[in-house]
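Student: As they're listed, the protein sequences go chains F and B. Heads up: the first sequence begins at 3 in my numbering, then just goes up one per residue. Heads up: the second sequence begins at 3 in my numbering, then just goes up one per residue.
It is worth saying that the hints were derived from the structure and are not from the lab. Any given hint could be a false lead.
Any copy, or any two copies together, can satisfy a pair, since identical chains are not distinguished.
[As the list claims (entries may be wrong)] With a Cα cut of at most 30 Å, we get these calculated BS3-like pairs of lysine-lysine:
id : residue 1 : residue 2
1  : Lys84     : Lys63
2  : Lys155    : Lys53
3  : Lys38     : Lys155
4  : Lys93     : Lys194
5  : Lys212    : Lys108
Predicted, not measured: the structure shown is a model, and the values here were computed from it.
Protein chains: 2
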Amino acid sequence: MRYELFYWPGIQGRGEFVRLALEDAGASYDDVARRKGGINRMLATMGGRDKHPPFAPPFLKVGKLVIGQVAAILFYLGPRLKLAPRDEAGKLWLHQLQLTVTDFVKEIHDTHHPVGSGLYYEDQKPEARRYTENFLDERVQKYLGYFESVLRKSGGPYLAGRKVTYVDLSVFQLIEGLRYAFPRAMKDGETKISGLVAVRDRVAERSGVKTYLASPRRIAFNEMGIFRRYPELDL
Amino acid sequence: MRYELFYWPGIQGRGEFVRLALEDAGASYDDVARRKGGINRMLATMGGRDKHPPFAPPFLKVGKLVIGQVAAILFYLGPRLKLAPRDEAGKLWLHQLQLTVTDFVKEIHDTHHPVGSGLYYEDQKPEARRYTENFLDERVQKYLGYFESVLRKSGGPYLAGRKVTYVDLSVFQLIEGLRYAFPRAMKDGETKISGLVAVRDRVAERSGVKTYLASPRRIAFNEMGIFRRYPELDL
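In isolation and in its complexed conformation, chain F is listed as follows (with noise of 0.2 Å):
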């Protein structure tokens, strides 16, 4: 099965959540939007040439089917790319684990834009800096030590225990993409989620993951996505 992603090109984004699994896995896809013509197809496909359009990117289509929401998408994904237990109490754990890191996201992209997505950071630049004052004493902390105390009850070494899964790779990005955005805070913040760093090393060294890392497929990270290097905001 040939998948399709469609996704903004030019960003890792959202989209990278997916492309980190299809990558790991080896899977064979197209990333449309980054062909010419794609950009196209996928506002249609949002536009509602389908009868289930996605609300927004990053969507996934597989024959007929279009699966929108990175979280979804995963789900969906996990078992076939076997980065997913496929017993339904396993299946829903890890389901739970990766929407909370669809909440992080949500409030990692809006330490830059905290008022609005449609307007410019240059335009929210006082209420971001108060945000992400608050979001680096308060929010980064509670969610990485969640998933710290998560992996040292699953006795490790990953996640969900003993094999890796789509979350593993969830909380690589997350944390290469904090240490992007946040390079200062995140120095002090590591020693309290060693095992978070552990599980990010090992999954860097994934063949799969390893070698997208290295290919021009891998967009680098900048300030059009969602983790953004704004000295200003390094608190």
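Since the structure of chain F is already known, use the hints to place chain B on it.
Tutor: Coordinates of chain B only, in the frame set by chain F:
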């Protein structure tokens, strides 16, 4: 099977999307934290008594299974309560819609808490005003317009077509909540979403929902929940 729902007492909040499904179906459930000692049981589960601690309420206990995240809970309950189809494609489509409800609910919450959920509204009033201006101008119509178009494409009378699902119950709650929080803005906005308003009316007449709304189990909207009536924000 008796369900145990865990959520903060005193507010509808995110728990209400689950309550509406349980009540519509006439399911047998305990609203644990509204009983004596229930909050302690809730906090103990989150604090790690369980191997799979949820990040936050609401969560559902079914035997040994603990499911956090509203959309995941409804994904699990949907087919069991006959509020979702049983085929994979149908289940995923509903789940995708519910995840978009989740995103909308977070943006609604942020109208009074744009800087941080740990701070008082009173300490972020200027930011709340600016955020809400953009929210009412751009976001409400984007989300409601999306659901209205989904309804149209489905052929009706419900969002997934011929049969009522948990997503219709959530749309009921969204409209009720937005009417409570932003009566002036909604008065103008509702003309564009007549299909959704008809869904809301149909849901309100369902016997399980009707009984529930008239019972003391339905907590009134108030200024501790997701939907808050602050006249200065209803622009």
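Student: In ascending order, which of the hints set out earlier in this document are inconsistent with the structure?
Tutor: Per hint list: zero violations.
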